[in-house]
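Listed below are the residues making up each chain.
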Amino acid sequence: MSNNQSTNPGDQLLEGVNTVSDALRNISGVKDVDIATAPRKIVWEDGKVKLYHFEREEKSKTTTPVLVSYALVNRWEMLDLQPNRSLIRKLISEGLDIYVIDWGYPTRIDRYKTLEDYILGNINDCTDFIRAEHNIDRINLLGVCQGGTFSLIYAALFPEKVKNLVTLVTPVDFDNDEGLLFKWAKDMDVDAIVDGFGGIVPGDFLNTGFDLLKPMNKTRKYMSLPETMADKGKLMNFLRMEHWVADSPAQAGETYRRFIKDMYQQNLLAKGEFELDGRKVDLKKITVPILTIYAKEDHIVPPDTTRPINDLVGSKDKELMEFPGGHIGVFVGSRSQKVLAPAVAQWLADRDK
Amino acid sequence: MKNQFDIFFEGQKKAMDFWSGLAGQMNEAFQNKANGNGNSKNKPEAQELFTDWFKKQQAFFEEALKAGSNPQAAFEKAPEQIRQWMEMQTDFANKWADYYRDNAEKLGIKIPEFTSNSSSTAFFEEGMKSWKNWMGQGNKWFSEEVLDKMPFNMRPHYTNFLEAYDFMHRYWEPMQRLVQNGLDTKEMVDKYFSPEAYQKLVNQMMGFRSIGNVSELIEHINQWFEAYFNHTRQEAGEWSTVSEAWKEKMREFATKGNLPFFEMAYDFNNRLRDQVLPFYNIMAQGRQTEIAKLMRDMQFAYIAFVLKSAELQSKAYEAGQFALPDTIRELYHQYKDKKEMANYEDFFQYYINKLEESLLETLHSEEYSKLQSEVAALGTKIKAMADRSSELMSADLPFLTKTDGDDIAKEVNALRRKARSLEQKVAELEKALLLAGKPAVAKEEPASTAKSTAKKSTSKR
Chain A
1 MSNNQSTNPG DQLLEGVNTV SDALRNISGV KDVDIATAPR KIVWEDGKVK LYHFEREEKS
61 KTTTPVLVSY ALVNRWEMLD LQPNRSLIRK LISEGLDIYV IDWGYPTRID RYKTLEDYIL
121 GNINDCTDFI RAEHNIDRIN LLGVCQGGTF SLIYAALFPE KVKNLVTLVT PVDFDNDEGL
181 LFKWAKDMDV DAIVDGFGGI VPGDFLNTGF DLLKPMNKTR KYMSLPETMA DKGKLMNFLR
241 MEHWVADSPA QAGETYRRFI KDMYQQNLLA KGEFELDGRK VDLKKITVPI LTIYAKEDHI
301 VPPDTTRPIN DLVGSKDKEL MEFPGGHIGV FVGSRSQKVL APAVAQWLAD RDK
Chain B
354 MKNQFDIFFE GQKKAMDFWS GLAGQMNEAF QNKANGNGNS KNKPEAQELF TDWFKKQQAF
414 FEEALKAGSN PQAAFEKAPE QIRQWMEMQT DFANKWADYY RDNAEKLGIK IPEFTSNSSS
474 TAFFEEGMKS WKNWMGQGNK WFSEEVLDKM PFNMRPHYTN FLEAYDFMHR YWEPMQRLVQ
534 NGLDTKEMVD KYFSPEAYQK LVNQMMGFRS IGNVSELIEH INQWFEAYFN HTRQEAGEWS
594 TVSEAWKEKM REFATKGNLP FFEMAYDFNN RLRDQVLPFY NIMAQGRQTE IAKLMRDMQF
654 AYIAFVLKSA ELQSKAYEAG QFALPDTIRE LYHQYKDKKE MANYEDFFQY YINKLEESLL
714 ETLHSEEYSK LQSEVAALGT KIKAMADRSS ELMSADLPFL TKTDGDDIAK EVNALRRKAR
774 SLEQKVAELE KALLLAGKPA VAKEEPASTA KSTAKKSTSK R
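Chains as they are written, first to last, in my numbering: chain A, 1 to 353; chain B, 354 to 814.
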């Protein structure tokens with residue numbers, strides 16, 4: 001389990017000694033695995049849903065704050081995994097004022113929570129809160145993955161409340177066979193799953209599906225563990241990522257059922273046939289500037305499911321941004337810090353007035 | 354009480370004495386033999402092999418101790434390194450053993466007495482046992498340190514990986530021979546890495562719980578349900594008929610080699626279920642009957658789940674069955690070109706990449722997707738039935754049931770929605786009042802005024 005280059009057994013031994021000594025020293029020194037440490041305050045709450053406002057040392061460079069809507073799958077903490085790999089910290093340092101919705105951990109009491117509750121309820125309430133706090137009419141919306149799909153729906157229904165829209169690795173055209181999730185979801189008996197689980201779909205069930213997308217990924221990751229552990233920084237990266245992956249909230253059954261049926265199985269949003277609380281969602285009604293970011297090697301949300309956003313919206317000011325790497329690399333890769341966050345911040349700053 | 358370090362040292366001393374004594378004898382014998390009969394051909398080879406090995410052992414040991422301020426610290430800090438060291442020693446000892454077996458007899462060397470058994474194989478096994486024991490201890494310690502720091506639900510994945518990695522390592526030596534000799538046909542690979550071993554490895558890597566022998570499992574399921582129905586025979590009727598029918602069918606499948614097995618068995622299961630159904634329609638209605646009917650449904654659903662899961666697993670096994678022969682073929686070409694054998698880590702890496710390629714092809718297939726969906730649906734269906742039967746069984750107990758919880762959830766959600774709608778209306782109202790130049794004090798106004806304003810505001814929208 002080592003990458004020793006030397007062919008001399010004595011050298012190999014010494015390298016091994018050093019590697020494993022460091023690894024053990026590092027691992028035994030780990031007391032706690034902390035993620036999402038950027039300072040923040042809870043400024044609004046409704047049941048399990050919270051709205052965080054991230055603290056800034058200086059005044060924001062832009063007048064319009066950004067509301068970040070993450071997916072219901074996994075947790076928003078991926079955006080602030082650790083201080084030097086934090087999209088949120090970087091966006092703040094680039095001058096943006098950031099709010100993030102934390103969807104919480106649904107339990108059985110939330111089994112009847114619907115897409116309407118999330119989008120017309122929670123997102124709209126958070127938007128109104130920010131508008132009132134800042135005394136502005138419109139906010140910037142940044143949606144991540146499924147949270148991006150929610151943002152598109154929201155922006156189409158409430159164009160008067162959205163100034164600019166940024167979507168990150170967001171699926172909109174679900175008629176796709178390239179991505180295994182898209183293929184499997186079409187055959188999924190979602191009623192049996194939701195009802196069988198008693199209306200609340202466990203996070204571990206979803207994680208099993210994600211693991212199968214690259215069945216040997218975990219094996220590969222663990223193979224390089226001794227070397228990873230020998231470097232304290234890498235060790236903490238590894239443990240933080242493990243904690244993030246493991247921290248997978250359950251899904252409110254009715255929302256999950258509807259999302260799978262309407263999006264994955266019938267592709268209603270892209271077809272212009274999706275309805276929310278009786279209101280048809282027409283993406284052409286989105287006329288605000290929109291930035292669509294996709295990851296070139298994304299195996300969870302393939303580019304072909306994301307790029308059509310540009311064709312479906314009614315905006316004239318629209319831009320597609322390709323990002324090298326995979327779905328998670330968008331948030332935690334070094335390029336995310338160096339390239340993506342500054343680009344997003346600049347794009348929003350240019351459209352702030 | 355002995356700690357790991359004491360055990361390690363004891364074993365090390367024993368092994369060092371053993372190896373050095375034996376090697377000394379052999380070296381001497383080589384020299385005598387070479388001097389006596391003028392056969393100098395073996396001398397440099399034997400001496401080189403031995404002295405090189407012995408020096409390396411000493412050097413390794415000394416270097417290992419330098420890693421810490423004291424020997425115990427060295428071990429505590431470096432069990433993984435020790436594991437690697439032991440692996441190196443084992444490899445070397447194996448090479449030496451091969452050489453010894455080939456030459457010792459010819460040179461008239463006696464294999465030293467060792468414990469109760471003086472056969473040559475026992476002699477080597479004894480030495481190897483100690484090494485493996487230390488390796489196991491070091492590895493275990495290291496793994497526990499890592500596992501302790503990992504989230505609870507990630508630990509099984511890591512344990513599966515360790516088991517798979519170690520399991521495959523047991524076959525590393527024959528794999529090297531296959532690579533060196535270009536023996537890459539599936540038949541040849543199966544001789545060294547049996548289909549059962551391959552299935553075990555795939556189970557570890559994919560996190561499968563092996564179904565094992567399907568007919569035996571179905572029989573166990575039927576036995577379990579039979580035992581249950583023995584308690585409720587009055588309500589459920591004669592259940593041994595179901596088990597008998599399944600036994601008969603299994604005999605038929607096994608003797609005639611029916612194919613496709615899973616499809617036919619699944620179909621038979623459904624037909625059997627349908628045949629049993631009418632009995633419930635003529636039974637007295639009531640909670641006991643409902644429970645009995647649920648249990649009957651569970652029995653068939655469980656058998657269907659087992660059949661579908663076995664079919665799903667067999668798809669994964671089929672998909673990757675050529676990954677190992679392919680790996681050996683490609684590594685053989687590399688070996689031929691470079692004259693250098695890949696190490697175990699490279700081999701393992703290569704193999705899992707090949708395995709993943711093959712698996713992904715199957716995971717992308719229509720057939721797999723549908724099968725996976727059926728397995729998931731059946732699994733959750735059984736869970737729902739089990740939940741329901743538990744509820745029925747405990748209906749008279751003073752507990753809130755899942756159904757009660759669902760009713761509460763429904764009520765709560767409806768109330769939450771209503772509250773939110775009212776909040777949004779109030780907010781609109783406040784805004785409308787502000788725009789109209791009135792103070793936003795709607796909450797303090799008389800109820801009748803607020804109501805009429807709200808109506809006005811709503812109608813405007």
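No wet-lab data here; the hints were simulated from the structure. Incorrect hints may have been included.
Under the rule of at most 27 Å between Cα atoms (straight-line distance), these lysine-lysine pairs were calculated in the DSS-like manner [what the hints assert, rightly or not]:
{"#": "1", "chain 1": "A", "residue 1": "338", "chain 2": "A", "residue 2": "61"}
{"#": "2", "chain 1": "A", "residue 1": "50", "chain 2": "B", "residue 2": "778"}
{"#": "3", "chain 1": "A", "residue 1": "218", "chain 2": "B", "residue 2": "502"}
{"#": "4", "chain 1": "B", "residue 1": "668", "chain 2": "A", "residue 2": "214"}
{"#": "5", "chain 1": "B", "residue 1": "553", "chain 2": "A", "residue 2": "218"}
{"#": "6", "chain 1": "B", "residue 1": "784", "chain 2": "A", "residue 2": "285"}
{"#": "7", "chain 1": "B", "residue 1": "784", "chain 2": "B", "residue 2": "646"}
{"#": "8", "chain 1": "B", "residue 1": "778", "chain 2": "A", "residue 2": "214"}
{"#": "9", "chain 1": "A", "residue 1": "186", "chain 2": "B", "residue 2": "646"}
{"#": "10", "chain 1": "A", "residue 1": "271", "chain 2": "A", "residue 2": "186"}
Going down the list of hints, with the structure as the test:
Taking the CA atoms of residue 338/A and residue 61/A, the gap is near 19 Å; set against the 27 Å cutoff, the hint holds. Restraint check for residue 50/A and residue 778/B: the C-alpha separation of about 21 Å stays at or below 27 Å, so the hint holds. Restraint check for residue 218/A and residue 502/B: satisfied, since their Cα atoms lie roughly 17 Å apart, inside the 27 Å limit. With a CA separation close to 17 Å, the supplied pair residue 668/B and residue 214/A stays within the 27 Å bound.
Proposed proximity of residue 553/B and residue 218/A is supported: the alpha carbons are some 17 Å apart, at most 27 Å. About 25 Å separates the Cα atoms of residue 784/B and residue 285/A, which keeps this hinted pair within 27 Å; it holds. Proximity of residue 784/B to residue 646/B is assessed by CA-CA distance (about 59 Å); at most 27 Å being required, the pair is judged violated. Distance hint between residue 778/B and residue 214/A is unfulfilled; the C-alpha atoms sit about 48 Å from each other, more than 27 Å.
Straight-line distance between C-alpha atoms of residue 186/A and residue 646/B comes to about 32 Å, which puts the hinted pair past the 27 Å bound. Distance hint between residue 271/A and residue 186/A is fulfilled; the C-alpha atoms sit about 16 Å from each other, no more than 27 Å.
In this structure, the hints that do not hold are numbers 7, 8, 9, in rising order.
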